[in-house]
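J.: Here is what each chain is made of, one letter per residue.
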Amino acid sequence: MKYLGLVWSALFRRKTRTIFTLLSVVAAFLLFGLLNSVRDAFASAGHSVAGASRLITISKVSFMMELPKSIYTRIQAVPGVSEVAYINWFGGIYQDPKNFFANEAVSPNLFDVYPEFKLPAAELKAFQQTRTGAVVGASLAAHFHWKIGDQIPLQATIFPQKSGSNTWTFDLVGIYHVANRSEKQQENALFFHWKYFDEARAFGNGKVGWYVEKIAQPKDADRIAAAIDALSANSDHETKTQSEDAFQTSFASQFANIGLIVGSIMGAVFFTLVLLTGNTMAQAVRERIPELAILKTIGFSNRSVLALVLAESVLLLMIGGAAGLALADLAVSFIRARLGAVPMLPVGLESWLLGLALMALIGLLVGALPARRGMRLRIVDALAGR
Amino acid sequence: MLRQTGYALAIAAIAIVPIIVLVILPAWAVGACLAAFVVWLALTRSGRQAWSATKVGIATIPQRLGSSCVVLIGIAGVVGVLVALLAMAEGLRATLQQTGSNDTAIVLRAGSQTEVNSVLDHEAAVLVAQEPQVMHDAQGYPIASPEILTAASIPRKGNGLDGTAPIRGVGDRVWELYPRLRIIAGRRFRPGLRELIVGKNAAREFTDTALGSTLDLNGQPWTVVGEFDSGDSHDSELWADANVVATTYHRGDSFSSVTVRLKSPKLFDAFKAAIASDPQLKVEVKTTRAYFDAQSEGLTKIIRVLGTTVAVIMAIGAVFGALNTMYAAVATRTREIATLRAIGFRGGPVVVSVLIETLLLAVAGGVVGAGIAWALFDNYTASTLGANFSQLVFQFRITPALVASGLKWAIAIGFLGGLFPALRAARMPVTDGLREL
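Heads up: the protein sequence lines correspond to chains R and F, in order.
The opening position of the first sequence corresponds to residue 1 in the numbering used here, with each subsequent residue numbered one higher.
The opening position of the second sequence corresponds to residue 387 in the numbering used here, with each subsequent residue numbered one higher.
Calculated directly from the structure, the hints in this document are not laboratory data.
Treat each hint with caution, since some may be false.
Here are some, though not all, of the chain F residues that point toward chain R, as calculated from beta-carbon distances under 7 Å [what the hints assert, rightly or not]: (1) Leu420; (2) Val456; (3) Ile459; (4) Gly460; (5) Pro541; (6) Leu547; (7) Asp548; (8) Gly549; (9) Gly693; (10) Val698; (11) Asn710.
When the alpha-carbon atoms are kept at most 27 Å apart in a straight line, the in silico DSS-like pairs for lysine-lysine are as follows [to be verified]: (12) F/Lys543 / R/Lys240; (13) R/Lys296 / R/Lys15; (14) R/Lys162 / R/Lys207; (15) R/Lys162 / F/Lys672; (16) F/Lys668 / R/Lys162; (17) F/Lys668 / R/Lys184; (18) R/Lys118 / R/Lys195; (19) R/Lys98 / F/Lys672; (20) R/Lys98 / F/Lys687; (21) R/Lys195 / R/Lys207; (22) F/Lys668 / R/Lys98; (23) R/Lys118 / R/Lys162; (24) F/Lys668 / R/Lys207; (25) F/Lys543 / F/Lys586; (26) F/Lys658 / R/Lys162; (27) R/Lys69 / R/Lys240.
Note that the structure is predicted; figures quoted are calculated from it, not measured.
Cβ atoms here follow ideal geometry from the backbone N, Cα and C, with glycine treated the same way.
Go ahead and model the full structure; you've got the sequences and the hints to work with.
T.: Structure (structure tokens):
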């Protein structure tokens, strides 16, 4: 610590050069923060802590095929299943097709099966009692400035009403929150009553999109899934039941290999960054050879010279990296507030830790060669300018 | 200090102008400017001075190879990432755009946006095909294909996870509707049988889609009897007789959409009006070009915005890297530059020579970056979830236009990174420079 002043003044010996290098580091870590937020959002899409105790039953043919409502009670009777919810994808549009968000017709016990969706008791009661009631996630409500009591008209894309109208209007009676940061994406949804939906829709009545089962013991998942699928084996509506995680993983993998794309960009960015700062450090040490020789003359050991140069490059990366990540944090908050349903998660503790580790690693990497050079220099040659 | 900052800001403001011009100008205009510049170098006195000063600079690059490489690689990174991401957007756009045309029209239930959401009853399908604008084939049948778009969960080849394969049931006249489609292996499916033909991309994407294999759809065995290539997004699909698909999927006698070939693209408005005036039809009509273009719009826009944002941030980093390198280059060549000034070279040519040197490095970086992107990603096959909630396979496409725009970015970065060091070189007092060790 006592050498901080020395390292600091060495770092800012050439102000312009250090500032330029710092700015490239800031740019690199800004990008890291933004991309990591996107990667996080895709990696955790649909996954939640509570998901371990949930199974999803879809049609074996394709998740787009509907299942009969009639198997509901039979699924409920399967030993180990504690609660069953059913959901229909509605696919309605609010004002403009660009305002995409999930809107689904759900059974009244949805919030028992998804305990991580926190809905105040009074609002839950209001939802149960309002036929045309709807509940939305807090992020979605904030984005469209919706408040309780608002009427939300959705344009149906799949299900017109019996009256022939394509417009379904819902009364907003509740707003739910999701506490866990990595599950915030789940707040971008609107739920309304399946009963109302089924009574009013023009066709497809008596069918549901998929079932969600809450199970008492996650370790029984395979047995219960097999038992549920056995209910409709060899019928014309065979089902496929799997854990929520498995379902989400196979669904998300269809979008594209986001991890690979983001990973290659990050690779390109950091490769460039290492070269750039490495070049700066090499220049800085080359210029200072006589100074380093003097340090050695007055008694600094080889090892402390090595440590000084390494500390300098790590400090450079830390200052720039921290500034970049802080900027990314601000940018992500801004984008999420402005655009609403974007696949980005707030920059969290994990991103910061990963970022700090990368800063230290890159700092050591780019400092290594120049530091070795500083450590190995011979005082006599260095002072003579050889 | 204040004066220096003011000066730097003023120069930056001036530098923005050529950058904006560069971004706006089409590639041929940039080429023309370059040609004019070469003429200036070759023919005028100051141009020739600049060129000889540049030659001195270039000759010393090998002495500063490491730091010159930083400029090159930094810019290669920006251009490589930009070109690769834009190639993805371009591939997606091209695949969907080729699927549509202006002389075929698609009819969907009003408000449904996509085929998979749409349901048309049998009468609607018959009525649409009877409109007078629809072309008829040699046997006198209207060229119209009532289609069902649905899906099947089939394990994907890459990761073994279930993917959603689009299953399209098509009508008897479908072959005249899509004349580009060729059967590349096996044969067409026979109407009335549980036979499938697979698009070449679907065959690559999903397991059990090879010729002769059997797929289980809703508990019924289907046989793959052929593979087709249509050069567009239909290549991601599996096709079969619409009536048999309807039976398997319990669709009764309804369809998802009807696609028709018009006698002429000019008749589209008349066709649309005829359908709108029929009170029995609650449908919407689009040319297939408009329909498929709309499908690619959202996703390509997201990819373009992402690519440009990433490239801008990387470019900022690269500009500072180039600045560092070129300041260092000017500093190490202080004596040379002062000597040039002393023997009569003017400031302008010195500025130009440093700029040319940076730009050459930048363009080399741009070429390397675009080259790497081309080698790794041209025709790279990717898939995503399309507008119909099923797999859409497409190839990355690196077009000359993309490479040109990558090079424009490289030139812009090189220009910004070289300008300030070049000005410093020219403003250096000659006497101080000569004394420098």
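J.: If a hint holds in the structure, say so; if it does not, say that too.
T.: Status of the hints after comparison with the structure:
1. The closest approach between the C-beta of F/Leu420 and any C-beta of chain R is roughly 26 Å, which is over the 7 Å cut-off, so the hint fails.
2. Against a cut-off of 7 Å between C-beta atoms, the interface hint on F/Val456 holds, since the closest Cβ of chain R lies about 5 Å away.
3. With 7 Å as the threshold, the beta carbon of F/Ile459 comes within range of chain R, its nearest partner Cβ sitting at about 6 Å, so the hint holds.
4. For F/Gly460, the shortest C-beta to C-beta distance to chain R is roughly 5 Å, which falls under 7 Å, so the interface hint holds.
5. The beta carbon of F/Pro541 is not positioned within 7 Å of any beta carbon in chain R (closest approach about 9 Å), and the interface hint is therefore violated.
6. Interface restraint check: F/Leu547 against chain R, minimum CB-CB distance 4 Å, threshold 7 Å, status holds.
7. At a threshold of 7 Å, the smallest CB-CB gap from F/Asp548 to chain R is about 5 Å, leaving the interface hint in force.
8. Interface hint status for F/Gly549: upheld, as the beta-carbon distance to the closest one in chain R is roughly 6 Å, under 7 Å.
9. The closest approach between the C-beta of F/Gly693 and any C-beta of chain R is roughly 9 Å, which is over the 7 Å cut-off, so the hint fails.
10. A distance limit of 7 Å between C-beta atoms decides the matter here; for F/Val698 the minimum to chain R is near 9 Å, and the interface restraint is violated.
11. Checking F/Asn710 against chain R by beta carbon gives a least distance of about 5 Å; that is within 7 Å, so the hint holds.
12. Only pairs whose Cα atoms come within 27 Å are accepted, and F/Lys543 paired with R/Lys240 is accepted, the gap being roughly 20 Å.
13. Our distance criterion of 27 Å between C-alpha atoms is met by R/Lys296 and R/Lys15, whose separation comes to about 25 Å.
14. For a cut-off of 27 Å, the pair hint linking R/Lys162 to R/Lys207 stands: about 16 Å separates their Cα positions.
15. Taking the CA atoms of R/Lys162 and F/Lys672, the gap is near 25 Å; set against the 27 Å cutoff, the hint holds.
16. The straight-line distance between the Cα atoms of F/Lys668 and R/Lys162 is roughly 14 Å, inside the 27 Å bound, and the hint therefore holds.
17. Between F/Lys668 and R/Lys184 the alpha-carbon distance is near 39 Å, which puts this suggested pair outside the 27 Å criterion.
18. A C-alpha spacing of about 22 Å is found between R/Lys118 and R/Lys195, which places the hinted pair at or below 27 Å, so the restraint holds.
19. In summary, the hint linking R/Lys98 to F/Lys672 is supported, as the alpha carbons are separated by about 19 Å, within the 27 Å threshold.
20. Restraint check: the Cα-Cα separation between R/Lys98 and F/Lys687 comes to about 12 Å, which is no more than 27 Å; the hinted pair holds.
21. Taking the CA atoms of R/Lys195 and R/Lys207, the gap is near 11 Å; set against the 27 Å cutoff, the hint holds.
22. Between F/Lys668 and R/Lys98 the CA atoms are separated by roughly 24 Å; this keeps the pair inside 27 Å, and the hint holds.
23. Restraint check: the Cα-Cα separation between R/Lys118 and R/Lys162 comes to about 33 Å, which exceeds 27 Å; the hinted pair is violated.
24. For the suggested pair F/Lys668 and R/Lys207, the alpha carbons sit about 24 Å apart, so the restraint of at most 27 Å is met.
25. Between F/Lys543 and F/Lys586, the direct Cα distance comes to roughly 14 Å. Compliance with the 27 Å bound is thereby established for this hinted pair.
26. As the CA atoms of F/Lys658 and R/Lys162 are separated by approximately 26 Å, the hinted pair is consistent with the 27 Å bound.
27. A distance of roughly 15 Å separates the Cα atoms of R/Lys69 and R/Lys240; the hinted pair therefore holds under the 27 Å criterion.
Comparing the model with each numbered hint stated earlier shows that hints 1, 5, 9, 10, 17, 23 do not hold.
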